[in-house]
Amino acid sequence: MYPSRFSYESPKTVQEAISLLDRSGGEAKILAGGQSLIPMLKLRFASPEMLVDINGIPGLDYLRVDPDGTLRIGALCRHEDLEFSTTLANTHPTLAAAADLVADPIVRTRGTFVGSVCHADPQGDWAATMVALGGKIVAQGPQGRREIDVRDFVLGPFANALAYNEIAVEAVIPGAKGTARGGYLKLERRVGDFATASVAVALDMAGATVSHAGCALAGVGGRTIDANEAISVLQGKPLTAENIEAAAEAVAAVAEPRTDHRGSADYKRHIVKTFVTRLLTNIAKSEQKAA
Amino acid sequence: MSSLYDEVAPTPGADVPVRRVTIDVNGQKRTVDVEPRLLLAHLLRQGLALTGTHTGCDTTSCGACTVLFDGRPAKSCTMFAVQADGHAVETVEGMGSASGLHPVQEGFKEEHGLQCGFCTPGMMLTAKALLERNPDPTEDEVRWALSGNLCRCTGYQNIVNAVLWAAKKMRDEQTQEA
Numbered sequence: 662m663y664p665s666r667f668s669y670e671s672p673k674t675v676q677e678a679i680s681l682l683d684r685s686g687g688e689a690k691i692l693a694g695g696q697s698l699i700p701m702l703k704l705r706f707a708s709p710e711m712l713v714d715i716n717g718i719p720g721l722d723y724l725r726v727d728p729d730g731t732l733r734i735g736a737l738c739r740h741e742d743l744e745f746s747t748t749l750a751n752t753h754p755t756l757a758a759a760a761d762l763v764a765d766p767i768v769r770t771r772g773t774f775v776g777s778v779c780h781a782d783p784q785g786d787w788a789a790t791m792v793a794l795g796g797k798i799v800a801q802g803p804q805g806r807r808e809i810d811v812r813d814f815v816l817g818p819f820a821n822a823l824a825y826n827e828i829a830v831e832a833v834i835p836g837a838k839g840t841a842r843g844g845y846l847k848l849e850r851r852v853g854d855f856a857t858a859s860v861a862v863a864l865d866m867a868g869a870t871v872s873h874a875g876c877a878l879a880g881v882g883g884r885t886i887d888a889n890e891a892i893s894v895l896q897g898k899p900l901t902a903e904n905i906e907a908a909a910e911a912v913a914a915v916a917e918p919r920t921d922h923r924g925s926a927d928y929k930r931h932i933v934k935t936f937v938t939r940l941l942t943n944i945a946k947s948e949q950k951a952a
Numbered sequence: 043m044s045s046l047y048d049e050v051a052p053t054p055g056a057d058v059p060v061r062r063v064t065i066d067v068n069g070q071k072r073t074v075d076v077e078p079r080l081l082l083a084h085l086l087r088q089g090l091a092l093t094g095t096h097t098g099c100d101t102t103s104c105g106a107c108t109v110l111f112d113g114r115p116a117k118s119c120t121m122f123a124v125q126a127d128g129h130a131v132e133t134v135e136g137m138g139s140a141s142g143l144h145p146v147q148e149g150f151k152e153e154h155g156l157q158c159g160f161c162t163p164g165m166m167l168t169a170k171a172l173l174e175r176n177p178d179p180t181e182d183e184v185r186w187a188l189s190g191n192l193c194r195c196t197g198y199q200n201i202v203n204a205v206l207w208a209a210k211k212m213r214d215e216q217t218q219e220a
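Protein sequences, first through last, are from chains B and U.
Residue numbering for the first sequence follows my numbering, beginning at 662 and increasing consecutively.
Residue numbering for the second sequence follows my numbering, beginning at 43 and increasing consecutively.
Calculated from the structure, these hints are not laboratory results.
The structure presented is a predicted model; accordingly, all values stated were derived computationally and were not measured.
Mixed in with the good hints, there may be bad ones.
Restraint-style ranges between C-beta atoms, simulated for each label pair [as the list claims (entries may be wrong)]: (1) U:Q70 <-> B:K838: 39 to 45 Å; (2) U:G69 <-> B:A951: 47 to 53 Å; (3) U:W186 <-> B:T920: 28 to 34 Å; (4) B:D729 <-> U:G159: 52 to 58 Å; (5) U:Q157 <-> B:E903: 51 to 57 Å; (6) U:G113 <-> B:S893: 41 to 47 Å.
With a Cα cut of at most 20 Å, we get these calculated DMTMM-like pairs of lysine to aspartate or glutamate [as the list claims (entries may be wrong)]: (7) B:K673 <-> U:D127; (8) B:K838 <-> B:D810; (9) B:K703 <-> U:D100; (10) B:K934 <-> B:E910; (11) B:K703 <-> B:D782.
Residues of chain U clear of chain B, computed beta-carbon distances all greater than 10 Å [stated by the list, open to error]: (12) E77; (13) P115; (14) A116; (15) K117; (16) T120; (17) L156; (18) T168; (19) T180; (20) D182; (21) L188; (22) N191; (23) K210; (24) D214; (25) Q216; (26) T217.
Positions of the beta carbon are idealized from the N, C-alpha and C atoms, including for glycine.
In isolation and in its complexed conformation, chain U is listed as follows:
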């Protein structure tokens, strides 16, 4: 089965408009040729092999494909890759590593903030953006901020706990540094 990316990826010699774009992906400059209608989600997943960004509903509803676009959460199924030219995109792969988890990732681990894991990358990136703006959110504020990310395991309680855990950890780290 050919992927959507293969179908819209530029083939040499085809009479298709192509743009060369340079995108800062997780801190690395990546230069690629894209057809304008290629979705950012598919460039990340198939073009750059960053499969941590999940495509769920493909209709701007579920938030599974959320990435940080210049630091703010954005649904990568509802952006064209060409729009990211000259901008910074952060995916879950950029959050941390197995040996050095981001506090939000640690929180999801500690509080069992996932069941099937499909919504998790989007949840964690939205949470990271929330905590950058609001280091000490109330439970309501966490729920509100995550209301564009759907979890069909309905594990919301532990997801909220995970974000609150991460917020506390990040605040404690700040205090220790100060």
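Extracted from the complex, chain B is given alone in its bound form:
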């Protein structure tokens, strides 16, 4: 399979990349990891006139935590950089749990976190974690930078809020105010498959009490499902079996699964409920151990 013909640019600065996008008038695409884009080009789902390869731009591959706990992920930070991070599990356990479930190990050496969120696949893992954690995308264009809440950024399947002359240069994820607890569970038919159903949970704990709860789902709707409101029933409460059951019910109710070759709608909703229960029960157990 071959993409249609395109011209190729490899700018050395973000500014240069933006001016290439600006001049293209909407006919250019950014190439970062390429692990979604190149298959799309080969299948000719996309046929841009120009690819702007940002891999040669120095200083975009960072993964760092600000003093206030905010995590910043540069546009060229690869999936495996998150997978092999030694600190992520402490600061952002939801991301750490998802990191080795994204695609397969070889794809993870090239694919990028930010690119995956931009790709806005309804089955995408990172977009779900971003929604659960209240993340933002930093877009840079000719007029400067703006921050876009991920819930306003992912518009629908394969559609994001970037203007044609903007680049997503960074993902920004707030740190927990109390103790960060969270996880990610994904049902897939085989390694590298997209999620049949997956659940991201991110909790902020103040002692035994949930001070903030975030949740999002992938694979069970035409877009990343924002289940933050559903899981907010946990707010201000301890993780008792009763509260966990109520949260799992509430989250499963907002899933929008469809029956397809990966399973029936009922089955997928059941998986969501099971995963929420499992994630929250695991957190409750580890809290008890810690106490």
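Please build the complex by placing chain U on the supplied structure of chain B, with the hints as guidance.
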């Protein structure tokens, strides 16, 4: 039958954007003119006649086309050759020779880590990268690292044995040197 490479290889006089790239392939600098949409897998196979890199699914799923890109495994069907400009690519041809096998290659031989052999180059390169990062992996870690490489003969057990064999051999060699 003309190959995909012939179809996208630049023909003189054609109005096609072409880039001159220099790639370190198995330690040798190779300079070639490529059309941007030429896949790295096809440059290696047809352009440079390094047919050890196999193209299996052509859809980023099987890992047969895995090469080491600056030392890390990458699917060469999901990269453009032009992206390799100024970078190092290692293929199975660079791993060893018939008279001087890489320990990973020896392991595949000793443990019968292949049946049809189609997935083998990708498996061995992924294994080599694993052992560079983790010289003493558990069986689970080997399986996890190889989970992006599919073997349709389903000979996984012997592949895992081969990698563990190679890991031990490489550790023993290290100890002897020390």
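Grab the minimum beta-carbon distance between A116 (chain U) and chain B and tell me whether it stays above 10 Å.
6 Å, violated
Taking C-beta pairs only, is K117 (chain U) more than 10 Å away from all of chain B?
Violated, because the least Cβ-Cβ distance between K117 (chain U) and chain B comes to about 6 Å, which does not exceed 10 Å.
Distance rule for L156 (chain U), whose beta carbon must clear each one in chain B by more than 10 Å
19 Å, holds
If I take the minimum Cβ distance from P115 (chain U) to any residue of chain B, is it greater than 10 Å?
5 Å, violated
Would you mind confirming whether the straight-line C-alpha gap from K934 (chain B) to E910 (chain B) stays at or under 20 Å?
It holds: about 6 Å lies between the C-alpha atoms, which stays within 20 Å.
Taking C-beta pairs only, is T168 (chain U) more than 10 Å away from all of chain B?
Non-interface label fails for T168 (chain U): nearest chain B Cβ at 7 Å, not farther than 10 Å.
Consistency of the no-contact label for L188 (chain U), given chain B and a CB cut of 10 Å
8 Å, violated
Does K210 (chain U) clear chain B by more than 10 Å, comparing its Cβ with all Cβ atoms of that chain?
22 Å, holds
Check on D214 (chain U) being off the interface with chain B, judged by Cβ distance over 10 Å
Label holds. Min Cβ-Cβ 26 Å, cutoff 10 Å.
Does the claim that N191 (chain U) lies off the interface hold, with its Cβ farther than 10 Å from every Cβ of chain B?
Violated: least Cβ distance 7 Å, not greater than 10 Å.
Given the hint that K673 (chain B) pairs with D127 (chain U), does the C-alpha gap stay at or below 20 Å?
With a Cα-Cα distance of about 14 Å, the restraint between K673 (chain B) and D127 (chain U) holds, given a limit of 20 Å.
Given the hinted pair K703 (chain B) and D782 (chain B), is their Cα-Cα distance within 20 Å?
17 Å, holds
Consistency with the previously given hints fails for numbers 1, 12, 13, 14, 15, 16, 18, 21, 22, ordered from lowest to highest.
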